[in-house]
Structure formats: C-alpha cells, structure tokens
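A.B. asks: Please put together the full structure from these sequences, using the hints given.
There are 2 protein chains.
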Amino acid sequence: MRREITGFSNPLLKEVRSLREKKLRKRAGLFLAEGLRIMTEAREAGFLPEMLFRVKDREVHALEIALESDVLAAGGDVIETSAEIMAKLSGKDNAQAVVGVYRDHGTELDAIQRESAPIWLVAQAMRDPGNLGTMLRTGDAVGAGGLILLDDCTDPFSVEAVRASMGAIFTQKVVQCRWEEFVAWLRTGPGQLVGTSLQTETDYQSAKFTSPCFVLTGNEAQGLPEEYEAQCDLLVKMPMRGKADSLNAAVATAVMAYEVLNQFRRN
Amino acid sequence: MRREITGFSNPLLKEVRSLREKKLRKRAGLFLAEGLRIMTEAREAGFLPEMLFRVKDREVHALEIALESDVLAAGGDVIETSAEIMAKLSGKDNAQAVVGVYRDHGTELDAIQRESAPIWLVAQAMRDPGNLGTMLRTGDAVGAGGLILLDDCTDPFSVEAVRASMGAIFTQKVVQCRWEEFVAWLRTGPGQLVGTSLQTETDYQSAKFTSPCFVLTGNEAQGLPEEYEAQCDLLVKMPMRGKADSLNAAVATAVMAYEVLNQFRRN
Chain A
0 MRREITGFSN PLLKEVRSLR EKKLRKRAGL FLAEGLRIMT EAREAGFLPE MLFRVKDREV
60 HALEIALESD VLAAGGDVIE TSAEIMAKLS GKDNAQAVVG VYRDHGTELD AIQRESAPIW
120 LVAQAMRDPG NLGTMLRTGD AVGAGGLILL DDCTDPFSVE AVRASMGAIF TQKVVQCRWE
180 EFVAWLRTGP GQLVGTSLQT ETDYQSAKFT SPCFVLTGNE AQGLPEEYEA QCDLLVKMPM
240 RGKADSLNAA VATAVMAYEV LNQFRRN
Chain B
0 MRREITGFSN PLLKEVRSLR EKKLRKRAGL FLAEGLRIMT EAREAGFLPE MLFRVKDREV
60 HALEIALESD VLAAGGDVIE TSAEIMAKLS GKDNAQAVVG VYRDHGTELD AIQRESAPIW
120 LVAQAMRDPG NLGTMLRTGD AVGAGGLILL DDCTDPFSVE AVRASMGAIF TQKVVQCRWE
180 EFVAWLRTGP GQLVGTSLQT ETDYQSAKFT SPCFVLTGNE AQGLPEEYEA QCDLLVKMPM
240 RGKADSLNAA VATAVMAYEV LNQFRRN
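Protein sequence lines, in the order shown, are assigned to chains A and B. The first sequence: position 126 = 125 (numbering that gives the first Met the number 0), numbered continuously. The second sequence: position 239 = 238 (numbering that gives the first Met the number 0), numbered continuously.
Treat the hints as calculated values from the structure; they're not laboratory data. One or more of the hints may lead you astray.
Copies of one chain are not kept apart here, so a pair can be met inside one copy or by any two copies together.
No farther apart than 25 Å at their CA atoms in a straight line, the calculated lysine to any residue pairs in the SDA-like style are these [as the list claims (entries may be wrong)]:
#1 25 x 198
#2 236 x 117
#3 13 x 197
#4 236 x 221
#5 242 x 175
#6 55 x 191
#7 242 x 49
#8 236 x 210
#9 242 x 46
#10 236 x 36
C.D. replies: Right, here's the structure in full:
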C-alpha cells in the first residue's frame with residue numbers, strides 16, 4: 000500500500016528507528032538497508048522490503064520505480080515522507096532517499112548446501128561491522144556460498160555491516176553459531192578447514208586447497224584461539240615483509256580467499 | 000620533562016584535543032597516535048612523541064616504561080593525568096592509557112627513493128580513513144615503500160587512519176600530491192603504473208609486473224577516472240564471480256599488492 004507520513008511523532012518512525020539497535024532488531028526480526036544501490040542488489044537477489052521509505056518530490060531513478068512497483072505488488076508498503084523525517088529515521092543529515100525494512104534472513108547450518116559453492120568464509124568473534132560487511136562483499140566476489148559467523152560476532156544485519164556489504168548481505172548465506180556446532184556440522188561431510196596462523200611455516204601459496212574450502216579468520220585483536228587452530232585441516236601464513244605481524248581481518252580473508260579461488264581457477 | 004595535569008580547564012588539553020580536526024592538525028604540524036602498541040611501533044621505527052599523555056596510578060607495561068624513558072631523554076614531555084581527563088582528551092570513554100602527540104612526517108615525491116622498495120601503493124581520492132589506514136598496514140605487510148595519496152584524500156594523520164594503520168603510518172612513507180605531479184615525477188625514472196579496471200580483459204594473474212611497481216587504486220565510489228586509466232602502463236582486473244562488480248578499495252589494493260609480491264617472490 001502506498002501511504003504518507005507527515006508527522007515526526009508517527010509511532011512507525013520510532014519503530015523503524017529502533018531497528019538500529021541490535022536487541023530491538025532481533026526482537027522484530029527485521030533490519031534496515033539504505034540506498035537504491037543496495038536495495039536493487041537485494042531485489043535482484045529476490046529480496047523485497049516489507050516497508051520502503053522514500054523521500055517524495057524529487058527526481059526518481061527508473062530502478063526505484065521498478066523497486067516500488069515490486070514492493071507494492073508483493074503486498075508491501077511504500078511510505079512517502081519528507082527529507083527531514085528521513086534524516087530523523089536515518090539518524091544522519093545526509094540520509095539516503097530510500098530506505099528499506101527487510102525481514103531478517105539468517106539461516107541455519109543444516110540449511111547450507113556446502114557443495115553448492117567451492118569457498119565458504121568463516122569468521123570468529125569479528126567485532127567490527129565494517130570488516131564483517133567487507134567480508135560479505137569479498138565472499139560475493141570470490142563466488143563463496145556464504146559467511147559463517149562463530150561465537151560473539153558483531154551483528155551482520157546492523158546498518159553499518161549491511162552498508163559495507165554493498166548488498167552482499169542478500170546474496171551470501173549468513174549463519175550464526177557456536178564453534179562447537181560448526182565443527183560438529185563440518186565433520187559430517189566434506190570440507191577443508193583452513194586457518195591463517197603465525198604458528199606455521201606453511202606459505203599460503205604452497206598449500207593445496209580442496210573444495211569446499213572453509214576459510215577461517217579469527218578476531219581482529221586476538222586472532223584464532225589455539226584450540227581452534229588445532230582443529231584446522233591446514234594452517235597457512237601469508238608473507239609479512241614489514242614490522243607488523245598481521246593484516247586487517249577483512250584484508251587477510253580476501254587475500255586468502257583469492258588464493259583459494261586462483262588455485263581452483265587453474266585446476 | 001615529567002609533569003602533571005589535574006584540571007579539565009588546562010589549555011594544553013584543548014590544544015591537543017584540537018588535533019582531532021584536520022585544519023588545526025595541519026596548522027600545528029602535529030598529530031595523535033593512541034595506545035601503547037602503535038606508539039611502540041613508532042618508537043621502533045624511530046619516531047618519538049613530543050608529548051606523551053599517560054593515565055597515572057595503574058599497572059605499567061615494560062614497553063611503556065621504555066617509551067617514556069626515551070621520550071624524556073629526547074627532551075619530550077611525559078604528562079600524567081587522570082582517566083577522566085584522558086577520556087576528555089580522547090573524546091571517548093574507553094580511552095587508551097597512553098596517547099602521543101607526534102610531529103607530522105609527510106614527505107615529498109622528490110624525497111622518495113623509488114628503487115628502495117619493489118612495490119608502492121598509490122590511492123586516488125580515498126575518502127574513508129579506515130580504508131586509508133588499512134592500505135598503510137597492507138603496504139607494510141607486502142614490503143611496500145609507502146603510500147602516495149593523489150588528489151583529495153582523507154587525511155592520513157587523522158586518529159582513525161592512524162589507528163587503522165596499526166603503526167604503519169610510521170613505517171611507510173606518506174606523500175600527498177596531485178595526479179599531474181605524480182605522473183610527471185613517475186616518468187622521470189623506472190616504474191610500472193598498474194591500475195585495476197573494469198575496462199580491461201587482462202586477468203591480474205596473467206599480467207607481468209615489474210619493479211618498482213606502483214599499484215593504483217581509485218576512489219571508493221567512482222573508481223579511477225578514465226584519463227588516469229589511460230596513463231597506466233597496465234590495466235588488470237580481478238575475477239568477480241558474484242553480483243557485485245567491485246571490491247572494497249582497501250581489499251582490492253591488498254589482493255593486487257599480494258599478487259605483485261607473489262610474482263616477485265617467484266622470480
């Protein structure tokens with residue numbers, strides 16, 4: 000249905016704004032994605048928002064018209080509002096002209112078809128939403144099936160993570176589980192678990208990766224716990240030519256994932 | 000000299016806090032680096048802060064004692080303060096226990112010894128301080144000589160960029176200049192300029208890189224301008240297997256830089 004919100008005190012605004020908080024996001028089972036680019040990625044991946052907020056009285060891109068039409072056809076709401084109300088909704092002055100409220104689509108390990116993709120990314124206790132979103136974006140690029148989040152990771156459905164994913168939150172499977180659950184599931188089928196580590200002499204380019212390959216990255220500050228490393232099928236290290244002994248977590252994941260992809264491309 | 004600040008109204012606090020703003024940072028020729036880890040990297044690279052602020056009355060790491068001793072020996076100030084004042088200085092509640100005020104050490108193109116390193120990173124109109132800092136960190140890891148910032152980039156000496164660099168702001172040369180200056184300088188000596196582009200069919204793994212290799216990455220949203228691409232010696236692309244057509248800028252730089260390093264390692 001198409002409707003309009005003109006007042007700042009409309010209770011729906013408060014509800015939608017509350018989706019910026021993890022607890023309230025979880026409770027509602029909804030999350031926010033902002034901007035036409037990401038929302039178009041979502042639409043192409045088969046995801047439509049339940050509510051689409053748009054700033055009225057401005058030039059409209061053809062992709063936005065198509066998106067709105069799909070939302071209405073699917074029984075969703077298109078809600079017109081002013082730039083001022085949108086800024087309030089977004090909590091920032093330079094708000095996007097369109098914002099969507101989507102149903103949380105996290106999945107379970109058992110719903111994953113591990114052989115549907117040659118690469119899966121796995122992140123442990125990832126704290127930075129930018130890193131997490133960037134991993135999703137990288138996963139999309141290397142043809143990964145999804146991102147498995149272990150232990151206490153930052154919420155993949157936060158506005159910051161969704162933004163950094165550039166839409167990959169909709170094209171990658173996202174699973175959240177404990178390490179023990181993951182390992183138990185992993186060992187019920189094929190799958191090579193590869194960790195990056197300072198405790199190995201194996202160069203990441205001399206290792207042999209097999210599909211499906213699960214690329215495991217540890218927490219930004221601590222890296223992987225030793226007991227997690229012990230469970231890996233393969234530990235590798237990237238050359239470090241400088242003073243530092245580690246890369247940014249999203250960068251390390253990408254360098255590893257591209258090496259795995261490159262090996263698979265050659266075979 | 001060792002001294003103490005006990006009052007929130009001490010004018011030095013305001014001065015130091017002002018270094019969070021680019022304009023005032025430039026004017027003072029100073030910048031902030033927070034935390035013992037980054038400050039120790041700085042010390043090992045030969046950089047000491049002119050002023051070191053520290054929270055008093057807590058357990059002190061041996062590296063901090065060594066750092067303070069070096070600062071005092073070099074004629075710098077060690078300023079003791081309370082956790083509350085440090086929080087005010089940092090603008091956040093969970094402030095680091097040590098913060099350093101360093102002299103800005105940006106350099107000029109002409110001071111660069113291009114043959115001192117096989118790889119140089121070049122970023123154009125980079126807007127995100129996290130991306131810029133991450134590029135510095137990656138540069139350190141691949142043994143790059145430094146990061147050359149073209150056109151209007153975010154300030155490499157901002158607190159966010161320094162933090163994301165994890166100390167590489169002190170180990171990498173940092174140059175800021177215009178594109179025209181860079182190209183003119185580049186062509187006065189050896190150097191292969193490599194850009195990543197959607198306009199090429201050359202796979203980044205089939206290209207041949209030569210040292211010194213200048214890896215050029217464009218703005219996060221727009222990528223490289225066409226006229227910049229036209230000046231590159233080589234344009235390459237990375238495989239993109241998903242829906243998206245680009246990687247995060249810091250990720251793209253890292254994937255490229257590791258490929259260049261890997262080729263050089265084989266030869």
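A.B. asks: Confirm or reject each hint.
C.D. replies: Outcome of the hint check:
1. 25 x 198: Cα proximity of residue 25 and residue 198: none, with 38 Å in one copy and 42 Å across.
2. 236 x 117: both (21 Å within a copy, 21 Å between copies)
3. 13 x 197: neither (47 Å within a copy, 42 Å between copies)
4. 236 x 221: within (16 Å within a copy, 33 Å between copies)
5. 242 x 175: between (34 Å within a copy, 23 Å between copies)
6. 55 x 191: Classified as neither; 51 Å inside a copy, 49 Å across copies.
7. 242 x 49: between (49 Å within a copy, 23 Å between copies)
8. 236 x 210: both (19 Å within a copy, 24 Å between copies)
9. 242 x 46: between (45 Å within a copy, 14 Å between copies)
10. 236 x 36: between (36 Å within a copy, 22 Å between copies)
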